[in-house]
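Work out the full structure: start from the sequences and follow the hints.
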Amino acid sequence: MSVWPGRLYPLGATLDGRGTNFAVYSEVADHVEVCLFSPDGDEQRLRLPEVTASVHHGYVPGVGPGQRYGLRVFGPWDPGRGLWCNPAKLLVDPYAKAITGDLVWGPEVYGFDPDDHDARDCRDSAASMPKAVVIDPAFDWANDAAPDTPLHRTVVYETHVRGISITHPDVPEELRGTYAAMASEPVLDHLLSLGVTAVELLPVHHFVSEHTLVKQGLSNYWGYNTLGFFAPHGPYSSSGDTGGQVVEFKAMVKALHRAGIEVILDVVYNHSAEGNHLGPLLSFKGFDNRSYYHLNPDHRAEYVDFTGTGNTLNMGNAQSLQLMMDSLRYWVQDMRVDGFRFDLAPALARSLYHVDRLSSFFDLVHQDPVINGVKLIAEPWDVGPGGYQVGGFPPKWSEWNAKYRDDVREYWRGEHRSLPDLATRLTGSSDLYAASGRRPFASINFITAHDGFTLADLVAYDHKHNEANGEGNRDGESHNRSWNSGAEGPTQDRSILQVRNARRRSMLATLLLSQGVPMLLGGDELGRTQGGNNNAYAQDNEVSWYDWDSIDEEFLAFTKRIVALRATHPVFRRRHWFKGEPVDGHEIDDMIWFAADGAEMTRHHWEAGHNLSVAVFLNGEAITAVGPRGERVVDDSFLMLFNSRPRPVDFTLPARLGECEWLVELDTAEPDTAGSGDARAAPQGRSRDCAHPAGSGGAGAARSGSRIRVGAWALVLLRRQGAT
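Residue 334 is where the sequence shown starts when you use the numbering used here, and the numbers rise one by one after that.
Simulated from the structure, these hints should not be mistaken for lab results. The beta-carbon is built from N, C-alpha and C at its ideal position, and this holds for glycine as well. One thing to keep in mind: the hints can contain errors.
Simulated restraints on C-beta separations [unchecked claim]:
| id | residue 1 | residue 2 | range |
| --- | --- | --- | --- |
| 1 | A471 | G819 | 30 to 38 Å |
| 2 | R351 | N705 | 20 to 28 Å |
| 3 | V437 | G942 | 56 to 64 Å |
| 4 | E992 | P728 | 19 to 27 Å |
EDC-like, lysine to aspartate or glutamate: derived pairs with alpha carbons at most 20 Å apart [unchecked claim]:
| id | residue 1 | residue 2 |
| --- | --- | --- |
| 5 | K587 | D522 |
| 6 | K587 | D481 |
| 7 | K583 | D449 |
| 8 | K893 | E518 |
| 9 | K729 | D481 |
| 10 | K912 | E954 |
| 11 | K736 | E804 |
| 12 | K548 | D667 |
| 13 | K548 | E954 |
Structural data, given as structure tokens:
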């Protein structure tokens, strides 16, 4: 086959209908060969004839969609200087748009001789390596339009493409666990019935399982071990992995958009699947190790690791940064996703040993007209020095708020001195975000996520139970701020189950009624348990999968009700901070805190470590909200009563709020209040059939000055009819 000079850009394999242009970056290579593979494995090697600005490129006429290929790099081998060129090792194109086949672990995929790590291993790795695939980028998007939901209206649902559908009885068996299943009617119906506005998908960039896991018969289920930053993970495709995964992924995005649901990707640009200096030679390490990775300046044969995986991609290098930015733009422009959650985001902003808020990473994202128009969410910590950066990201960014998770967990397990922190988190975490000019929706609030206990396990286990991971239960977080409610693990004790259910409902209600952006862990609404495993990254089995045959119907109904309540009332999703003072000429403050006796909270109340009961008034008439026709929307006002004591507490409804009637909207102590509106938090000393406005659904009502009993571990939400 002939090879023409071709072009240096775009990088990767680019089809034009008559042939394919190949371009790959390597500053250290003497030359590069593109290797074309037939379906039966025959290989044809072609030298890329041109080098421009360290990009090796060539055009091969006649190469079309579905062509499998890899690359071989000829150049210096000197691990002590960070040079790992080894033409015996077939490498995956860093810009591959699709990847086919599995990585077969063995000595062939390592660059060095197993008996001498300084010597180059000359065994050919091609038979053991996955191959890149030339794709046809054409797709009929028709009238696809992104929902573009504002952040303050967003409800995020974190889920796993495979896990959500692999056991779903209504999804065709041949589609289960795939992109097509994610877009299937049963899954879409569930998401729509919940009322979520965005799915946050665990990593879908093509990944491989680590050698250590494979030797134990396990796999990397979560997917935080990326091999290809442009390629959708092949095994998640029902259409095959020789290009069908690209079309199927696009069809999934199109279907979710049509349903009004945005697609956010959990992306892992902080490290790759190549491990440390003793890891395999799969891609980046073989092309230009010194450009792509943070190397130890005193011993360049070794890596600096800020991620806990053995390596850290060096976003201080222009080529690594270009790789990430090109990848982000590709997923927005070609695959039409709506945002990204950046795993271990501080690692992307590191110089060597500190996180630089003014790094090139932030500068480029800020000015890029494509990327800065989508949702940007940081996991604001890594494992390096100074890596905990919650609240430290620039404007336009939102962050996973771990302080929200921790403080809400502490309050709902009854920890002393947890009330002030709960109040801060409930109102949007202004201590973290207000000073930098950000709004409440900078906070992505969550109580559970893929990494840690599920919500059902959070109230059922004091300790992690990770024995199935094969690490002697040493892996995973040990300080979970969980409480088993009286017994470790499964129990038939009705009193313990009652406490667990009340606490679970109270935490979910707190999450969805807090200012900021709520994120639900997929499966929590069904009552999903992992049997106490809080690090199920390697469990591609019933431990991690949704169990559609054992749905907690009561809790599912409760979840739907609270999501709908949030969507209906702007007072729970404000765009601006509470001021704690009258707004727009109103006599009553926009927010007021009250003790259980109806008096306004004082410093003494806040500092009393034993105080675990509080009421907060949210003035719906004092918010700025705009309706669909530009009209000003006046919301109802609410009084939230919190009690994380193991016994009921009587609350006096505050006289400060004037003569008014309060309707019980929900009571987390009682499951049937979730769907029927029948309030069990009845006013004390008054008939349950006291007067209430029409349309209240028969809920109990109480006037200012009367008392309401709030059950143990419960949250009661009272609603007052707003002005019209």
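A quick look at each hint next to the structure:
1. Judged by the Cβ atoms, the range 30 to 38 Å given for A471 and G819 is violated: they are separated by roughly 59 Å.
2. Separated by about 36 Å at the C-beta atoms, R351 and N705 break the suggested range of 20 to 28 Å.
3. Checking the proposed 56 to 64 Å range against V437 and G942 shows it holds: the Cβ atoms sit about 59 Å from each other.
4. Between E992 and P728 the beta carbon distance is about 44 Å. The supplied range of 19 to 27 Å is therefore violated.
5. For the proposed pair K587 and D522, the alpha carbon gap of about 15 Å is at most 20 Å, so the pair holds.
6. With a CA separation close to 13 Å, the supplied pair K587 and D481 stays within the 20 Å bound.
7. Of the pairs offered as hints, the one joining K583 and D449 is violated, with about 46 Å between alpha carbons and a cut-off of 20 Å exceeded.
8. Among the hinted pairs, K893 with E518 is consistent with the structure: their alpha-carbon atoms are about 18 Å apart, no more than 20 Å.
9. Taking the CA atoms of K729 and D481, the gap is about 15 Å. The hint holds against a cut of 20 Å.
10. The straight-line distance between the Cα atoms of K912 and E954 is roughly 14 Å, inside the 20 Å bound, and the hint therefore holds.
11. With a C-alpha separation of about 28 Å, the suggested pair K736 and E804 falls outside the 20 Å cut-off, and the hint is violated.
12. Distance restraint check for K548 and D667: the Cα-Cα separation of roughly 37 Å exceeds the 20 Å cut-off, and the hinted pair is therefore not satisfied.
13. Our distance criterion of 20 Å between C-alpha atoms is broken by K548 and E954, whose separation comes to about 62 Å.
Of the numbered hints given earlier, the model fails hints 1, 2, 4, 7, 11, 12 and 13; all others are met.
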